[in-house]
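Read top to bottom, the protein sequences are chains Z and G. This note's numbering numbers the first residue of the first sequence as 1 and each following residue consecutively. This note's numbering numbers the first residue of the second sequence as 1 and each following residue consecutively.
In short, the hints are calculated from the structure, not lab data. For glycine and all other residues, C-beta sits at the position ideal for the given N, C-alpha and C. Any given hint could be a false lead.
Said to hold, decoys possible - Here are some chain Z residues the structure puts well away from chain G; computed CB gaps all over 12 Å:
1) T13
2) T23
3) Q25
4) G28
5) E41
6) L51
7) G53
8) L54
9) S65
10) Y70
11) L78
12) R97
13) K98
14) L103
15) N110
What the hints assert, rightly or not - Ranges between beta-carbon positions, derived for each pair:
16) Z:F29 / G:P61: 25 to 33 Å
17) Z:N110 / G:T78: 24 to 32 Å
18) G:E14 / Z:E41: 42 to 50 Å
Unchecked claim - Partial list, computed: chain Z residues near chain G (C-beta under 10 Å):
19) F29
20) N30
21) F33
22) Q37
23) G40
24) P43
25) T44
26) A84
27) S91
28) L99
29) W101
30) A108
31) P111
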Amino acid sequence: GQNIDQPTEMTATEGAIVQINCTYQTSGFNGLFWYQQHAGEAPTFLSYNVLDGLEEKGRFSSFLSRSKGYSYLLLKELQMKDSASYLCAVSNAGNNRKLIWGLGTSLAVNP
Amino acid sequence: GAGVSQSPSNKVTEKGKDVELRCDPISGHTALYWYRQSLGQGLEFLIYFQGNSAPDKSGLPSDRFSAERTGGSVSTLTIQRTQQEDSAVYLCASSFNQPQHFGDGTRLSIL
């Protein structure tokens, strides 16, 4: 079957670094996405990985290992506004652009 | 418009009534998705439109749910004979390839 796993909740301290992991088992693979969703708001796109390796974008980086079915989102220099849910989603191969979504990781950043 | 627009932003209705939710995607986006999100839960895929192809309705939870996309643009999600378990935030997203861009959602409350 199709499955995406990520931790339900995480807590970190302002100014620190946090890594949110995502593992997936899907019938095909055409890229992995990370989205951020603040409470009561719509998800917003953070990053996209289709090749192995690290993609850096400011304070946020995303890593992918296709052979291990594994990704992580790395948040540096945490700020209070980073408190949100982080959603991992995988695109199946082929023309079907429907994403398979994880349940999200709720991150709380404490002062 | 600049982003995905959904209306109404909030809808309160009595059990048994029909409701229509509207989504106006980003101009030029060929793909349109409807999701449902209950409080504290992940995204539940409902239906996906891609260009002129037949929609993927595999996520619709019952035959009370239906959706149309007219002229390859605006979409309407209809829920007939609403039940209390239909209460949720209904999110629409659109894309040209990827990533998906989300609207702010419609918060539906069934009394």
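Using Cβ atoms and 12 Å as the threshold, tell me whether K98 (chain Z) really stays out of contact range of chain G.
Given that some Cβ of chain G is not farther than 12 Å from that of K98 (chain Z), nearest at about 5 Å, it is violated.
Once the shortest beta carbon distance from Q37 (chain Z) to chain G is found, is it less than 10 Å?
The hint holds - Q37 (chain Z) has a Cβ within 10 Å of chain G, the shortest such distance being about 9 Å.
Given as non-interface: T13 (chain Z), which should sit over 12 Å from chain G by C-beta:
Label holds. Min Cβ-Cβ 23 Å, cutoff 12 Å.
Beyond 12 Å from chain G, beta-carbon-wise, is R97 (chain Z)?
violated, 6 Å
May I ask you to check that T23 (chain Z) keeps its beta-carbon over 12 Å from the closest beta-carbon of chain G?
Given a closest Cβ separation of 15 Å, the condition holds.
Could you check if G40 (chain Z) really has its C-beta closer than 10 Å to a C-beta on chain G?
holds, 9 Å
Please settle this one: Q25 (chain Z) was flagged as non-interface, so is its CB more than 12 Å from every CB on chain G?
holds, 16 Å
Hint validation: S91 (chain Z) versus chain G, beta carbon distance must be below 10 Å. Holds or violated?
At 7 Å from the nearest chain G Cβ, S91 (chain Z) passes the 10 Å test, so the hint holds.
At a threshold of 10 Å, is the proposed contact between F29 (chain Z) and chain G supported by beta-carbon distances?
At about 13 Å, which exceeds the 10 Å cut-off, the nearest Cβ of chain G leaves the hint on F29 (chain Z) violated.
Supplied contact hint for A84 (chain Z), tested at 10 Å Cβ to chain G:
violated, 13 Å
Restraint check, 10 Å cut-off on beta carbons, for P111 (chain Z) near chain G:
violated, 24 Å
Cut-off 10 Å, beta-carbon criterion: hint that F33 (chain Z) touches chain G:
Since the shortest Cβ distance to chain G is 6 Å, the answer is holds.
Against the hints set out earlier in the document, violations occur for numbers 5, 12, 13, 14, 17, 18, 19, 26, 30, 31.
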